[in-house]
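Residue numbers (the numbering used here), protein chains in the order written: chain C, 525 to 1066; chain E, 76 to 331.
Relax, there's no trap hidden among the hints.
Here are some, though not all, of the chain E residues that point toward chain C, as calculated from beta-carbon distances under 7 Å:
#	residue
1	L125
2	R146
3	R149
4	P163
5	M174
Beta-carbon label-pair distances, calculated as ranges:
#	chain 1	residue 1	chain 2	residue 2	range
6	E	G112	C	V1050	37 to 43 Å
7	C	R892	E	L90	26 to 32 Å
8	E	V80	C	P884	40 to 46 Å
9	C	L895	E	W134	31 to 37 Å
10	E	D93	C	P967	28 to 34 Å
11	C	H1048	E	R287	50 to 56 Å
12	C	R892	E	G112	26 to 32 Å
13	E	G292	C	R1056	49 to 55 Å
14	E	E204	C	V1050	18 to 24 Å
15	C	L1037	E	E204	31 to 37 Å
16	E	Q299	C	R892	52 to 58 Å
17	E	D96	C	P967	29 to 35 Å
18	C	P967	E	V80	26 to 32 Å
Calculated directly from the structure, the hints in this document are not laboratory data. We put the beta carbon where it would ideally sit given N, CA and C, even for glycine.
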Amino acid sequence: MIVPSQRLAAMHQRFRPSRAEAVGEPITAALNHLWSNARGAALGLALMMLSLAVAAQPAPDSSISVGSKKFTESVILGEALTLLLADGGFPVTHRSGLGGTRILWGALRSGEIDAYPEYSGTLLREILAERSLSGMEALRSALAEQDVRMSAPLGFENTYALAVTAETGERLVLETISDLRAHADLRFGFSSEFLDRGDGWPGLKARYQLPQTRVQGLDHDLAYRGIASGRIDVTVVYTTDAEIERYGLRLLEDDRGYFDDYQAVLLYRADLAERAPRAVSLLRRFEGLISEPVMAGLNGRVKLDGVSEHQAAVELLQERLGLEVEAEPAGFWWRLWQRTFEHLGLVAVSLSAAILVAVPLGIVAARRPRLGQVLLGVTGVLQTVPSLALFVFLIPLLGIGWPPSVAALFVYSLLPILRNTHAGLMDIPRPIRESADVIGLTPNARLRLVELPLAARSILAGIKTSAVLNVGTATLAALIGAGGYGQPILTGIRLDDVGLIMQGAVPAAVLALAFQGLFELAEHWVVPRGLRSRPVTAGPSD
Amino acid sequence: MLRFVAVRKRYGRQLALDGVDLDCPSGRTTVLIGPSGCGKSTLLRLAAGLIRADRGEVWFEGAPLAANNLRAARLRMGYMIQEGGLFPHLSVRGNVELMARELGWSAERRRARFSELAELTRLPAALWERYPLELSGGQRQRAALMRALMLDPDLILLDEPLGALDPMIRVELQRELAAIFARLHKTVLMVTHDLAEAVFFGDRLVLMRAGRIVQQGSAQALLQSPAEAFVVDFVNAQRAPQQVLAEVSCGARVRA
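Turn these sequences into a full structure, and let the hints steer you where they fit.
Written as structure tokens, this is what we have:
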């Protein structure tokens, strides 16, 4: 039980301004500059780069950052650890639901997170696969070489298992994985991660000589719906998944001992032990604490009963450690406001930077046709890079969270603005351009007084397109820990909770519409009146 | 004032100007005339510095036009084209005063000059703050003429200035323009394909064909002593000037 003042402090720490908020001021500064002159714009760009650089710095030593993967169990464990540390008086943040093992591991190594829940099998077969280690002690010392420490097992194992519906199992008499060999026409549906990873499908297929060819990749959480609806026959599950019971699935025995031990452990950075030894001792309170039924029960609380992961973590601490932690104080509106702030921050900064870069590039492209083709080509190619791939690609360069998200959104915003700036300038009739020349305007004055005003409508339309696309794409930023409306959408997909998905999707749509409306309003300011007025149909004779 | 010395210009494989020598004397109106593609517009565009000659030179006020003196020369030229070439995003006043503003003229000076020109071109005050799209064709050309005259240029370049107007307004504006140029004693170089219009304006007519000058001189000389058969053909292909004059007086009577 924590005393109120401490609790308040812990709460404050949990909701201390995120990195995105810390750069809010430069955002407005940059926006102001956006509409002022070019020199101001350059300054705005510099400011933004600076704030990006600042945001990329690791968090100060005193605070602890906990990570978790994007599935319920990991989020519950991450949240429980976060609550425990906060209860212990540490300023701590939880970057929940990050994209995948590689992202978490990279973030831990680079110091962007200090601890996260992991599984021994994943470490042995995925992260340290090239070392071909076996046994917990070998693993522990291999991790130590990389300045990573590992807790003792938390007490439950979450290994892979192949599952079929009880009905299919009954009908085809399936008991073991070996039994699958007799049914080559069965349809397999596996999570994409399982399909690709070393300890996943390729090895399993080889070990059991499985003949099936109808294998498709799909999201882990969708796999349950797939098997329940009969679209796939066999899927891979985690042994602590609550859905096994919910959907009445039969787990097939791993009769050739293919799947590794997947003991849950906590990983943490070696320097955490020096920086905050007490945090490490708090963290180790989870060792041996959580049995498989407990974990499956907690997963069920979230996935079947529909309570939040935060609530499940609160219950875990309460039941297993006797700790009374206040349930999430933030209400619906507060969360919505926070997500809006995060989302808006992502969009505003990336879009402003894109405008400052793409409009000048569009001008250059219009002036030098050959260079213009190259510029349009390059941005066009960038546009085709899948967004998730780009996010992941940027992580080694910029870490997780805000910087890579803004950078990726920036890249995606370039093309529409660049192309419309170029097109707007090229569409100016030659007589107009020539009149501006012969009248005696210098090229720069021509650009400023004639060409940009005439291209304004097209440029603005490009910015509008970028803004709307940007609002949508920014929902993916939640995958790499940048928050925003993507957060509830991801959680909603994970929990199969349409309501939660709507909590992200609806505000995102509203925000997109708001941007659209804003730009239509801006048209009245930016597009010269002479271009908006209707031509006279029957002109009076002179 | 303006002199073309042995200028040649080629567009790809097409020879637009094939060694043209031409002198445009001060204070007079020189009209370039000929069928489309004869090179008359190319000549005008050379004078405005919009294109550069492959060979030969364009002399303006005693110096050949070059990159380093082009802008200074342009500030002493007025330019008016078919449909006016007005900037659609600026009002009449905005168009006319744009360059003066760029040159740092005071507001009073701009305003005074604008009013003077509006009176000269008879553009009603109600139209001064309108945008080009809100004007009729004739009004637009009046505004374009104001813009061309704003800096009180020495040379006025006109490329089919009345080409897009309907005949009645065209005739009326022809008369006004001719009167204005006569009053201001400006050097004018004008391009048209309409012989009647050329006769109307021209002290000197320059008939061109396939990048060369066929004949130059007064309208009288062109009509009465054609230099070659093409001149006769060109004149005959168009309506007789007498007929045009008859139409004009008829039009004037109807209006009156």
